[in-house]
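A.B. asks: One letter stands for each residue in the lines below.
There are 6 protein chains.
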Amino acid sequence: MSQAYNHFNVTFPAPYVAHVEINRPEKLNAFYQEMWLEYAKVFNTLSHSPDVRSIILSGAGSTFTTGLDIQKTNLAFPGSDGARKAWGIRRSVVELQECVSASEKCEKPVICVLHGFCLGLAIDIACATDIRISSADAKLAVKEVDIGLAADVGTLSRLPKVVGSLSWVKDVAFSARMFNPQEALRVGFVSAVESDKAAAVNKAIEMASLIAAKSPVAVQGTKAIVNWSVDRTVADGLAYTQAWNAAALQTEDVGEAVGGTLGKRKTRFEKL
Amino acid sequence: MSQAYNHFNVTFPAPYVAHVEINRPEKLNAFYQEMWLEYAKVFNTLSHSPDVRSIILSGAGSTFTTGLDIQKTNLAFPGSDGARKAWGIRRSVVELQECVSASEKCEKPVICVLHGFCLGLAIDIACATDIRISSADAKLAVKEVDIGLAADVGTLSRLPKVVGSLSWVKDVAFSARMFNPQEALRVGFVSAVESDKAAAVNKAIEMASLIAAKSPVAVQGTKAIVNWSVDRTVADGLAYTQAWNAAALQTEDVGEAVGGTLGKRKTRFEKL
Amino acid sequence: MSQAYNHFNVTFPAPYVAHVEINRPEKLNAFYQEMWLEYAKVFNTLSHSPDVRSIILSGAGSTFTTGLDIQKTNLAFPGSDGARKAWGIRRSVVELQECVSASEKCEKPVICVLHGFCLGLAIDIACATDIRISSADAKLAVKEVDIGLAADVGTLSRLPKVVGSLSWVKDVAFSARMFNPQEALRVGFVSAVESDKAAAVNKAIEMASLIAAKSPVAVQGTKAIVNWSVDRTVADGLAYTQAWNAAALQTEDVGEAVGGTLGKRKTRFEKL
Amino acid sequence: MSQAYNHFNVTFPAPYVAHVEINRPEKLNAFYQEMWLEYAKVFNTLSHSPDVRSIILSGAGSTFTTGLDIQKTNLAFPGSDGARKAWGIRRSVVELQECVSASEKCEKPVICVLHGFCLGLAIDIACATDIRISSADAKLAVKEVDIGLAADVGTLSRLPKVVGSLSWVKDVAFSARMFNPQEALRVGFVSAVESDKAAAVNKAIEMASLIAAKSPVAVQGTKAIVNWSVDRTVADGLAYTQAWNAAALQTEDVGEAVGGTLGKRKTRFEKL
Amino acid sequence: MSQAYNHFNVTFPAPYVAHVEINRPEKLNAFYQEMWLEYAKVFNTLSHSPDVRSIILSGAGSTFTTGLDIQKTNLAFPGSDGARKAWGIRRSVVELQECVSASEKCEKPVICVLHGFCLGLAIDIACATDIRISSADAKLAVKEVDIGLAADVGTLSRLPKVVGSLSWVKDVAFSARMFNPQEALRVGFVSAVESDKAAAVNKAIEMASLIAAKSPVAVQGTKAIVNWSVDRTVADGLAYTQAWNAAALQTEDVGEAVGGTLGKRKTRFEKL
Amino acid sequence: MSQAYNHFNVTFPAPYVAHVEINRPEKLNAFYQEMWLEYAKVFNTLSHSPDVRSIILSGAGSTFTTGLDIQKTNLAFPGSDGARKAWGIRRSVVELQECVSASEKCEKPVICVLHGFCLGLAIDIACATDIRISSADAKLAVKEVDIGLAADVGTLSRLPKVVGSLSWVKDVAFSARMFNPQEALRVGFVSAVESDKAAAVNKAIEMASLIAAKSPVAVQGTKAIVNWSVDRTVADGLAYTQAWNAAALQTEDVGEAVGGTLGKRKTRFEKL
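Taken in sequence, the protein lines are chains A, B, C, D, E and F. If you use the numbering used here, the first sequence corresponds to residues 1 to 272, in order. If you use the numbering used here, the second sequence corresponds to residues 1 to 272, in order. If you use the numbering used here, the third sequence corresponds to residues 1 to 272, in order. If you use the numbering used here, the fourth sequence corresponds to residues 1 to 272, in order. If you use the numbering used here, the fifth sequence corresponds to residues 1 to 272, in order. If you use the numbering used here, the sixth sequence corresponds to residues 1 to 272, in order.
For the record, the hints were derived by calculation from the structure and aren't laboratory data. Misleading hints may appear alongside valid ones.
Copies of one chain are not kept apart here, so a pair can be met inside one copy or by any two copies together.
To be verified - Keeping only pairs whose Cα atoms sit at most 27 angstroms apart, straight-line, the calculated DSS-like set for lysine-lysine is:
#1 K41 x K27
#2 K27 x K139
#3 K41 x K266
#4 K41 x K271
Note that the coordinates shown come from a computational prediction; the quantities given were computed from them, not determined experimentally.
Modelling step: build the complete structure from the supplied sequences, incorporating the hints.
C.D. replies: Okay, structure coming up:
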């Protein structure tokens, strides 16, 4: 569990709870290729770790992340013609999308704490987590339009499914304007706003601990089925649930959970 | 119309309005197999009844329903190996899903009144109705994780489409925490909160009566097209609407409705 | 740019900003066939005009539009039997749907200002634009049920994706009841409410100008990708983004935008 | 197992093999409402019977079925206007579609033996089975156009997925022309053509027996996954397979099957 | 009916049968912009003409078409950078795709007669028709790779659904190699091969006449439902059929068709 | 280019053509975990190599592959209950599926040469390639049912889209029976049958060389668009093609290809 990373701190603030901190505060946690490759590695590892049942994501220092480190990211792609340049661009976009999607593919719930500047890639990352809570000081923006491009790491694909106002999604995505945590709460982008970063992290630890105390079979099945269903018809959601639960209901966690409830005792679930 | 059911009261509080009451108050309206099979029968019957144009669903007594009656529901499935157990589980899940979906397949609008405890299966049922209103005393929870399983009767497939904050959906689904009617209103799960159960039922009767006074061709077409469109692309929604309305616009209700509006008289629509 | 239309005023209140006004105020901007055919022509033209980067839509006079002009729209379709009538109906619905969809297919962002009466077709039209803002005096209704038909020009297909409460969508669609701008804001149908029509139009011009000052490659790509993604899985959204941006990232706007930001100077983007 | 039906003979010609015979030879096995309701009951029962692992479907007498019994099927639907008639039609089509789909939903493989006249509904039924073999004397036609209607019980939805030439599908569906077993074999509609009905039934029994000797967990999982995958993307096919096999691979049939192969002995699988 | 076109001959060789001939034989019927715009106009007009029930498409002279006229088609797109060029390319591709799709959107069945050279765009066009028959002299190729581009006018999207061997589709699409009518017949691309062009056209007239003698309600419904179903799940195919036939079954053609069959007399169907 | 693998020989029999040979002939090329992980690595590497434009896959020795090496593959999964076992199974299935999908994700065309025994995993692998050709001595079977499981590495998801007879797919998948190359050719599973392995490999080299001589922009775009389109609606296929070709048509290969054709000289395309 004590694996060391170059750009991320991974700690365990409570039983079965991991805390991933983006750790490049001297550059406001801006990302470059080596970092996003490592980001994927962190979540892939936690996804299969039996000692982890819920995960918190935040940034070291005052800022979550200001997005791409433009100094260290080459936006001029080589190639002898427009098509050949396109091949290189596509491969880069695919790589970055796959890395950011790691938190979505991660079997465990991921709670994202937004604080300080949360720009561009910050929103892509946040959209690929499960629950978002915000510090009152967060300054958020779908910033990509301001560097001349359509957000291509997932914000445009996920944000319309994450919040309940397409008018608002297009407003912030076309204009790249800042929005604040209260607005984020009103449209459903975040579930809670806390007074400052420390309070938001504490709130996340509390939520993560509550989740980690539940049956991991139940919680991880819930994540899998919700993520599947968001994208598909109700009928396909129900069919997938049938297939999934045909195995998952064979868990002893049901007996343990029901027994715990009836006996009013603390439940204890096997590792998964 | 006077069909008697063992676990449901069906009354007709206003013209063309049916009121279905879950009627096992001594067990807080908890469900077991015989009940959900009958639940489907109630809605299948109302769906084709020409005397019904809108339906209200509530619970007898103070509680809507506490969900599955765990005493009367066998969660240990037989089978000589894990695969054979899975077959039995799958068949049970299919049966329960199909029964709960009866209110969705029902041609008429269904207004669900949430009051008292609304736990587990209560949310699955509510998600499969059309409009939800709540009494101020309702105590709601996606409770399944607390008995060791992922909700498999529709909540996880429908809730992300019913409300506008995926962060909130995952919050309540992972943690099984209680949420109150005001929170439910804020995220759009319910459309209205009334002071108590009686007020909520009255509000539902008022809404149901308003809807029942409209052209049933128009209202039932609206339900069919919205339910189709939620799950599909806009293009497929438009195409289905073309096919549907090619028949539906051949109704005399258009003349009656327009005539009523112009003549400022009460409209009267043929049975459907 | 000075093309004249019979039923629409097209003006240019700011650089790269077009303002389309529905112009039949003596009939409360009610639509009939000639008008919707022209409506499509307006948006198809603006879609490809290199001098336009964002578009505002409002109504001449106090009212946005009261919807179909029933006097000038034949709702009795000829045909020797029910099937033959259906063919005529379907062709009419297809034509009207395609015209209203022109603002959605339009490559540029469209901001809809709702004011005065916004009934029936008004909502279909508004749903097919990108951003909706409202005057405080707007009186809105999904009115079709009141003339005996299910809304078939897009409201039922788009509204559930535009706002975040399916319960509310069905409430207003089944009952045809009026809702006001504050309610529209709460459910996310509009992004902002201004004190009166003039203020709302000014707000729209301000938003449109802000958007028009951005890279058109970035903004129009954002519209294309969001519209695609709303209807599809996240995976298909990401794949389409890869293909789209493989060309779009070959723009010099990235350099211009980054340079502008770093040099704190105004950016200037080539026509598109 | 000895349930008696009015219009179907169900026999058991080999271990775990059921043979369903449409039994109204005096009317060339033409269908009417009572029959299709019973048809669904037959397949629903066999679907869950642990004593059945594969099913053969054929017709009593020389003809498979000539389709709908037009004398006993009311094609004039009541209703005071075109929309109200449409409601009745739709309910009838739904009922008939659901009955014919029973063989597709049936968990066990269904082998359809086509012989004599196979017209209209015969093709709908055949498309909803898994494997089709034909007697050399079969006379086949997608006959619905000849009674003035588009085939609405599944042929038009399933045939393009069942065979590999869309040109051929449209040829036979537009023209209602007869096609013979050799043509059916060439386009892949049937897998084999036998000299006469007896030979075809024998071939079916042989195939059914071979299948019935395999692990029912493996065979029924194969049917479920293929039917799912035909309609969906490869990615969704793979995801569903993961969920399905997470339970199915927990079977002891793997050990039994591998042991049988290595020990060159006959395998014996538990009931399912 | 006597509308004249610059690049197409439209004749009426039999009752209710239209014959569209690509008419630029001096250039082997190669297409340029003016032609494909007119092509769409031809099919849009025939689609709604009550005097047409089936359509034949062939080429004037010995060759069907050699595809794009590269001399008259500008493949160098203007634009100050790669993104701006892409916008122009995309608009051109959209226009060409929409024109070629006109035969697919056309309500009436279209039978394509392939003869002589059938290269590149010829295959795109053929894939967008309903039934394909070939003269024995046809020389066919998915030729686009040989001019440095992936076929973008529909072949790559439609061919895998039109024939039954994905291995073959990729073989001919990657290599641009010629294939002959017998190979086309074997894989199901064409339904029939006739000795020469005249025989193929005669065969097409015969098929078209047979189809034109049927109920147009039935035939056109069949085209609509098959085209819908090819692309969607069986469940969505069945649902669309319900909606479609709710209107279509209200035709008097059923009575006429059944009466004709029983009375062994010629049927006569109203115009549609 | 000279990377060495433990279980695969990678050679370059012609310019831009790679030949991947499964190299464990002493075990009939049976696969175990280390092998399938390396298999993915081989195709991922070739996918991005500018020196490779088409790929051949075959087996060392007389047999292509007999599938899973059951001795070296643990089919008994640990876990304290059925749900926990399911998690392990699912992770294993995901890993194996992703490795086999590497040839599908590979940007370059892959031609699979089937020879000798081609059992179980052999068919999964073959379905994930682009073109299949067979030696006359091949003995093929969808063998999984014979070891008690439904094929879960892609055959059941891909085979129905690869060939044109669903009846045949289910026949071979339910029965696990052997089929020969002629049958495979008839149903479209393979595109060609050659007299023996050497002839089949030579044929593959010839096809691969032909493809490698074409514009790689055109060929690889063709693979991407066909793979996308097979799984989606025609409309979505066309839309993706628009986005893809907006970049790809900016290639100088069009000029080179057209110039080569007109000048009847050999074309030479830049690396990609």
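A.B. asks: For K41 vs K266, is the C-alpha pair at or below 27 angstroms within one copy, between two copies, both, or neither?
C.D. replies: neither (34 angstroms within a copy, 40 angstroms between copies)
A.B. asks: Have a look at K41 and K27 and pick one of within, between, both or neither, based on CA distance no larger than 27 angstroms.
C.D. replies: Result: close within a single copy only, 21 angstroms intra versus 34 angstroms inter.
A.B. asks: How would you label the pair K41, K271 (within, between, both, or neither) given a Cα cut-off of 27 angstroms?
C.D. replies: within (22 angstroms within a copy, 32 angstroms between copies)
A.B. asks: Could you place K27 and K139 in one of the four classes (within, between, both, neither) given a Cα distance threshold of 27 angstroms?
C.D. replies: Answer is within: at 17 angstroms inside a copy they meet the 27 angstroms cutoff, but 46 angstroms across does not.
In the structure shown, a violation is registered for the earlier hint numbered 3 alone.
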